[in-house]
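Enquirer: As a plain string of letters, each chain reads:
2 protein chains.
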Amino acid sequence: MRIALDAMGSDRAPAVEVEGAVGALLDGRDDLTVVLVGDRDRLEAELARHPAAPRDRLLIHHASEVIEMGEAPATAIRRKRDSSIVVGVNLLKAGEVDAFISAGSTGAVMAASLVTLRTVQGVDRPPVGARIPTATGRCLALDVGANVDTKPHQLVQFAELGSVYAEDVMGIENPRVGLLNIGTEPEKGNEAVVEAYGLLEKATHLNFIGNVEGREIVSGKCDVLVADGFVGNVLLKFYESVAGLITAMLRRELAEAGIQLDLDRIFRSLDYAATGGAPLLGVNGVVIICHGGSPPLAIRNAIGVAAQSVDRRMVEHMAARLARPAEGSATE
Amino acid sequence: MRIALDAMGSDRAPAVEVEGAVGALLDGRDDLTVVLVGDRDRLEAELARHPAAPRDRLLIHHASEVIEMGEAPATAIRRKRDSSIVVGVNLLKAGEVDAFISAGSTGAVMAASLVTLRTVQGVDRPPVGARIPTATGRCLALDVGANVDTKPHQLVQFAELGSVYAEDVMGIENPRVGLLNIGTEPEKGNEAVVEAYGLLEKATHLNFIGNVEGREIVSGKCDVLVADGFVGNVLLKFYESVAGLITAMLRRELAEAGIQLDLDRIFRSLDYAATGGAPLLGVNGVVIICHGGSPPLAIRNAIGVAAQSVDRRMVEHMAARLARPAEGSATE
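First to last, the protein sequences are chains A and B.
With the numbering used here applied, the first sequence closes on residue 939, and no number is skipped along the way.
With the numbering used here applied, the second sequence closes on residue 939, and no number is skipped along the way.
Please keep in mind that the hints were generated in silico from the structure rather than gathered at the bench.
Among the hints, erroneous ones may be present.
One copy or any two copies: either way a pair holds, since identical chains are not told apart in the list.
20 Å max Cα-Cα, derived PhoX-like pairs, lysine-lysine [to be verified]:
1) Lys795 - Lys758
2) Lys795 - Lys844
3) Lys795 - Lys809
4) Lys809 - Lys844
5) Lys700 - Lys795
6) Lys844 - Lys700
7) Lys700 - Lys809
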């Protein structure tokens with residue numbers, strides 16, 4: 608299996624990417640090859656710092672350009688044909704690799720994937736998922752990648768894609784699907800979710816458990832949380848920052864009281880980024896987006912998640928699921 | 608000044624309400640009278656447990672019915688004309704009290720206020736505000752009361768109302784208004800917020816600072832955060848639950864490590880409910896909604912906030928602000 612890794616994407620690229628890739632290779636399966644996509648000279652220099660790296664399974668694919676975070680995605684992927692993101696997605700499209708991972712511009716990865724890989728038939732807009740930690744495990748929230756003004760039938764597509772991901776990659780059988788809403792009654796919410804509720808109820812092959820309120824997410828009420836990208840994105844970013852605020856408050860208190868407590872360890876399970884990035888679902892290929900501030904561990908875990916997605920043939924399952932107009936399904 | 612308090616609203620009514628009211632009267636201004644609205648016999652029995660209560664300033668107004676949390680608001684306020692919520696709002700409408708506070712059904716309080724008090728001219732839908740704790744103080748987020756599918760010009764009305772509240776009640780001069788969005792650029796977001804951005808930019812009497820992302824809320828980037836009620840409500844409920852999850856994790860760790868740390872004290876500043884409830888803004892009267900799980904302190908603080916709102920003539924200021932079609936304002 609070959610996984611392409613955008614080596615120029617993160618805030619501390621390429622050091623973080625190289626360290627993450629080396630870790631994944633040393634600790635993981637023998638049939639795995641990582642293709643680092645980026646500036647060859649910089650990557651060679653970085654690799655020189657990892658003498659133990661298995662170079663036969665750690666290749667470099669040169670890409671001369673980098674798409675910056677501030678650039679408009681559509682323009683950037685058109686103009687920077689030799690950027691690590693565009694080149695990496697092209698490798699996936701050409702079948703030279705089985706998956707692509709990037710900690711660069713989410714918008715650019717989404718745009719390149721959409722244009723080059725295209726969506727699985729039956730998917731209008733590929734959502735980005737995030738595995739939010741809950742009291743009992745994890746919940747895949749999607750979309751958190753900011754597909755806005757999502758239509759009701761597109762929310763149903765998110766439910767289908769999320770269910771396959773939860774089964775294949777998170778190992779959850781018959782995952783419980785919840786619809787993010789402001790109340791539990793079917794008639795609650797805005798126009799889009801009220802209509803989506805009706806469609807989801809009819810999609811009997813899904814394990815739809817109804818509406819899930821903001822306060823119920825972390826209690827572990829559902830495995831797949833369906834949401835429009837506007838609210839999903841706001842929620843995820845807010846969540847990160849609240850955890851940060853609380854940790855900062857605690858650190859101050861602990862320091863004042865002279866108490867030693869390893870907060871990083873305690874809160875590790877809350878760190879969604881460390882759990883293997885955010886999958887872009889519903890395109891023809893395994894694509895994983897990592898946080899720009901990812902540590903090497905996050906990259907390493909993302910490689911593991913990508914390998915699992917390929918192994919379990921997630922994309923095939925999504926295509927099969929979305930293609931059949933299942934009874935009651937709303938993929939029209 | 609007379610403030611009506613729904614004494615039957617909270618999860619532990621009327622004990623919590625009575626204790627909160629007694630606290631506010633003993634510790635507050637001498638010209639304050641609290642009118643407890645609810646079952647006279649139960650309230651007399653409860654008051655008997657507070658011998659120090661200043662009974663000359665603590666009156667009972669009998670109401671024989673209670674609207675339960677699960678009831679459909681519109682139906683409930685029509686059928687239960689003698690409920691504590693309907694009676695309390697009627698007292699405010701009749702000018703017998705200057706403000707009304709309830710920890711009962713948010714929907715019923717909103718519905719009764721809308722029908723009986725009506726909105727200030729120029730306000731389509733009254734938003735509910737919540738004071739979210741930030742690293743530097745507090746930020747009024749509105750709407751968190753679930754006005755969904757909010758139109759762009761209604762988001763501008765939220766900005767106007769929030770600015771007046773921030774000035775009058777939170778004491779913030781020229782409050783910075785932010786628009787909750789998924790990115791900082793003006794073109795980001797769904798259709799409603801993109802259009803609202805343009806309208807807010809033209810409303811030069813507002814101190815509009817642009818888009819605010821989910822992660823920027825708790826950093827204190829703005830004083831007034833404008834949002835559709837769907838995302839605002841989800842965010843607020845999620846926030847409460849995340850804080851709860853983190854506290855539970857910590858409590859377990861601290862217990863295991865045998866460390867004494869008063870988490871309640873540390874996290875008190877995060878408890879938005881304790882800071883005086885959530886104002887319903889844009890109706891002709893001071894109305895404050897408290898959490899069903901409010902402790903007595905939250906009720907007491909809500910009484911303080913209500914008194915401040917009346918003192919500063921907040922409703923008059925809102926009416927004056929919304930009535931004038933200020934240059935560039937979008938209150939059409």
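Enquirer: Each hint needs a verdict: does it hold in this structure or not?
Expert: Do the hints match the structure? See the list:
1. Taking CA atoms no more than 20 Å apart as the test, Lys795 paired with Lys758 passes in both settings, with 16 Å inside one copy and 18 Å between copies.
2. Taking the shortest Cα distances, Lys795 and Lys844 sit within 20 Å of each other only across copies (15 Å), while inside one copy they are farther apart (25 Å).
3. Taking the shortest Cα distances, Lys795 and Lys809 sit within 20 Å of each other inside one copy (18 Å), while across copies they are farther apart (34 Å).
4. In this assembly of identical chains, Lys809 and Lys844 lie within 20 Å of each other by CA distance neither inside one copy nor across copies; the values are 32 Å within and 28 Å between.
5. Proximity of Lys700 to Lys795 under the C-alpha cut-off of 20 Å is found in neither arrangement, the shortest distances being 42 Å within a copy and 29 Å between copies.
6. Taking identical chains as interchangeable, the C-alpha atoms of Lys844 and Lys700 are never at most 20 Å apart, the minima being 31 Å within one chain and 42 Å between chains.
7. When the C-alpha separation of Lys700 and Lys809 is checked against a cutoff of 20 Å, the pair qualifies neither within a copy, at 35 Å, nor between copies, at 46 Å.
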